[in-house]
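Construct the entire structure; sequences and hints are all you get.
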Amino acid sequence: MVLKSVEKTRRETLAMAAIAGLAAILAPRLSLADEQAVAAEIKKLYGDKKFESGKIKLDVPEIAENGLVVPVNVDIESPMTDADYVKSVHVFAEGNPLPAVVSYRFTPACGKASASTRMRLAETQNIVCIAEMSNGKLHMAKANVKVTIGGCGG
Amino acid sequence: MISRRDFLQATAAASALTIGSGLGPLGRAAAQQRLTQADILRFDPLGTVTILYVADAHAQLMPLHFREPSVNLGVGEVKGMPPHLTDAEFRNYFKIAAGSADAFALTADDFVALAKNYGRMGGMDRIATLIGAVRAERGDDKVLLLDGGDSWQGSWTSLQTKAQDMVDVMSALKLDAMVGHWEFTYGAERVKQIADSAPFAFLAQNVRDNEWQEPVFEARKMFERGGATVAVIGQALPRTAVANPRWMFPNWEFGIREEDIQKQVDEARAAGASIVVLLSHNGFDVDRKLAGRVKGLDVILTAHTHDAMPGLVKVGNTVLVATGSHGKFVSRLDIEVKDKKVSDIRFKLMPVFADAIKPDPAMTALVEKVRAPFAGDLAREIGKTDSLLYRRGNFNGTFDDLICNAMMSERDAEIVLSPGFRWGGTLIPDDAITWEHITNATAITYPNCYRNQMTGTQIKEVLEDVADNIFHPDPYFQGGGDMVRIGGMGYAIDISKPMGSRISGMTHLKSGKPIEASKTYTVSGWASINENTQGPPIWDVVAAHVAKVSTVRIEPNTAVKVTGA
Numbered sequence: 001m002v003l004k005s006v007e008k009t010r011r012e013t014l015a016m017a018a019i020a021g022l023a024a025i026l027a028p029r030l031s032l033a034d035e036q037a038v039a040a041e042i043k044k045l046y047g048d049k050k051f052e053s054g055k056i057k058l059d060v061p062e063i064a065e066n067g068l069v070v071p072v073n074v075d076i077e078s079p080m081t082d083a084d085y086v087k088s089v090h091v092f093a094e095g096n097p098l099p100a101v102v103s104y105r106f107t108p109a110c111g112k113a114s115a116s117t118r119m120r121l122a123e124t125q126n127i128v129c130i131a132e133m134s135n136g137k138l139h140m141a142k143a144n145v146k147v148t149i150g151g152c153g154g
Numbered sequence: 001m002i003s004r005r006d007f008l009q010a011t012a013a014a015s016a017l018t019i020g021s022g023l024g025p026l027g028r029a030a031a032q033q034r035l036t037q038a039d040i041l042r043f044d045p046l047g048t049v050t051i052l053y054v055a056d057a058h059a060q061l062m063p064l065h066f067r068e069p070s071v072n073l074g075v076g077e078v079k080g081m082p083p084h085l086t087d088a089e090f091r092n093y094f095k096i097a098a099g100s101a102d103a104f105a106l107t108a109d110d111f112v113a114l115a116k117n118y119g120r121m122g123g124m125d126r127i128a129t130l131i132g133a134v135r136a137e138r139g140d141d142k143v144l145l146l147d148g149g150d151s152w153q154g155s156w157t158s159l160q161t162k163a164q165d166m167v168d169v170m171s172a173l174k175l176d177a178m179v180g181h182w183e184f185t186y187g188a189e190r191v192k193q194i195a196d197s198a199p200f201a202f203l204a205q206n207v208r209d210n211e212w213q214e215p216v217f218e219a220r221k222m223f224e225r226g227g228a229t230v231a232v233i234g235q236a237l238p239r240t241a242v243a244n245p246r247w248m249f250p251n252w253e254f255g256i257r258e259e260d261i262q263k264q265v266d267e268a269r270a271a272g273a274s275i276v277v278l279l280s281h282n283g284f285d286v287d288r289k290l291a292g293r294v295k296g297l298d299v300i301l302t303a304h305t306h307d308a309m310p311g312l313v314k315v316g317n318t319v320l321v322a323t324g325s326h327g328k329f330v331s332r333l334d335i336e337v338k339d340k341k342v343s344d345i346r347f348k349l350m351p352v353f354a355d356a357i358k359p360d361p362a363m364t365a366l367v368e369k370v371r372a373p374f375a376g377d378l379a380r381e382i383g384k385t386d387s388l389l390y391r392r393g394n395f396n397g398t399f400d401d402l403i404c405n406a407m408m409s410e411r412d413a414e415i416v417l418s419p420g421f422r423w424g425g426t427l428i429p430d431d432a433i434t435w436e437h438i439t440n441a442t443a444i445t446y447p448n449c450y451r452n453q454m455t456g457t458q459i460k461e462v463l464e465d466v467a468d469n470i471f472h473p474d475p476y477f478q479g480g481g482d483m484v485r486i487g488g489m490g491y492a493i494d495i496s497k498p499m500g501s502r503i504s505g506m507t508h509l510k511s512g513k514p515i516e517a518s519k520t521y522t523v524s525g526w527a528s529i530n531e532n533t534q535g536p537p538i539w540d541v542v543a544a545h546v547a548k549v550s551t552v553r554i555e556p557n558t559a560v561k562v563t564g565a
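Residue numbers (this note's numbering), protein chains in the order written: chain Y, 1 to 154; chain D, 1 to 565.
Treat the hints as calculated values from the structure; they're not laboratory data. Positions of the beta carbon are idealized from the N, C-alpha and C atoms, including for glycine. Worth double-checking, as some hints may not be accurate.
Selected chain D positions facing chain Y (Cβ under 7 angstroms, derived; list incomplete) [to be verified]: (1) A241; (2) V242; (3) W247; (4) P250; (5) G255; (6) E258; (7) F374; (8) D465; (9) I529.
Right under this line is the structure:
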């Protein structure tokens, strides 16, 4: 896998160092994004507008089985008509070096506002999803994904 | 050993239920009372459906000793609640007399003395007798036999035959369905091969191909028993790909998949099921949470966390059964159905006392046959023990201390790590240590004992990570197992703290100096989940050590200080 050779995730680094019989090679400490960095990104997009909860179904695993490819599914509740539809959806990861993971744009012709992708997570963190509706309303959902070295199970 | 008093105080404070049950210790008089097969089987039958349930046999074909934990802490909402009760608290809660047969089977204190009175438990030929007797009493058409998983791994014979011994035995027991966890460590191909050819169903609604999300196994099976339709939904350990080597089943992903369980329940009801059962390897706390969120489950047969409870736990209209491990118990549930709904359930945790139950001759013969090719190895005496050697407990076990000592000396390491597995038999003082006993505690498909360098920071990160896997207050973020065992190093743990701040006071025991964050230490361990781990198999390391010391004596372990319980 190409990604793997570039830099190791925390899970991999730890697992390698802790559990495997290999010499420990620590990946250089990356400067990670955080809650503030995500807030700054969102502010760039939407200023100081208020967010509501609801409408967003953010489906991520509680515990990532493979930090390199963590599935993230978003599903926004909307009739997707010309009068009322989802315009855009953004996904951010608080613990990644660059917080913006993916942005989707929708039109009423999409039929439904639903999308899936896979993202790489280096460590346990919050995933933030925001949805912008055609009437200008904004929604937000947050979920925590745990990235663990694993092993030692029962 | 961790101070028992600390835990007693913590659990007593947390559990008001234990106060005033009024059962005094009956002592040896009760211990001498002879239990009979008829006592074990006695049951006031109910309704037309019987479910017999076993789980976590860990490939134990023969009777053995298995000491239940003296430390089994619950966190968050389940602090001090069953199954997180031990010894006196456990007996008080379930109204069990000290010194009784049930006390021996279900609690840890006084284990050595009671073991001499009550003898070994389990054995597939005894289990076969109990199952046969219930089938004879109720009629084959009324009885469903289910296995909660972890039945194929944990012995030398299962490892050598890639689980064929257990598949043959479970087939002979006429098992109806099972789920999996350690089963997957035989690799995707082998598991599929057995699942596709065995006479029983291998169910797992939550295992998917990770490219197209297609189901890998049958999710659910409908059975007709006693005039009712019983739906059994299978749930594999959701954390298998994290807890065990993912490279052994690289194309499968797991997860809890709560919404998919709900779909299975709804489909089963629509298809006419009167009884809906989740056959689950989630672990007890995960299942307790799940029972409050998934609607329409009548019964959850729990496994993975190895809890044995002589009573049902009820969440809403769902009952949870915890049937223990290592073949020590067979659970019987009689279910009455009225108007296509469950109207009543009656339960008994039948203890499998090997001396009280007449072995089933056909099963005795089959067990002998599957063990025969390895009989010489199994019986080979490596040494003996002066100490009680056991595995279970949140922080350490004396058998793990033995394994840690073996790695320290045989691998010349400063610090050693041993996984907090919950399986493996118990030896009492004066027992011989045979190859079978060593492999009962070590028989896995990724046994290499590595030796490498780690910094203090890395060691701390490992401890924090594993601690969070056990003590995260939300059970959906837990993975089961006990705390990783450490040799050569002491530490303090506050289980109430969040991830990253539970561990402190890490000390190198030999020098008495604090572990330094940036200093490098020579570390040995086993059960790495990474592919191509180098080193000798752990059973050879342990056997070499036992052979050298000849008589094993384990000193009390005070290296782990626990708070926040």
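Hint check:
| no. | hint | in the structure |
| --- | --- | --- |
| 1 | A241 | 4 angstroms, holds |
| 2 | V242 | 4 angstroms, holds |
| 3 | W247 | 11 angstroms, violated |
| 4 | P250 | 9 angstroms, violated |
| 5 | G255 | 5 angstroms, holds |
| 6 | E258 | 10 angstroms, violated |
| 7 | F374 | 25 angstroms, violated |
| 8 | D465 | 5 angstroms, holds |
| 9 | I529 | 5 angstroms, holds |
Taken one by one, the earlier hints fail for this structure at numbers 3, 4, 6, 7, listed in ascending order.
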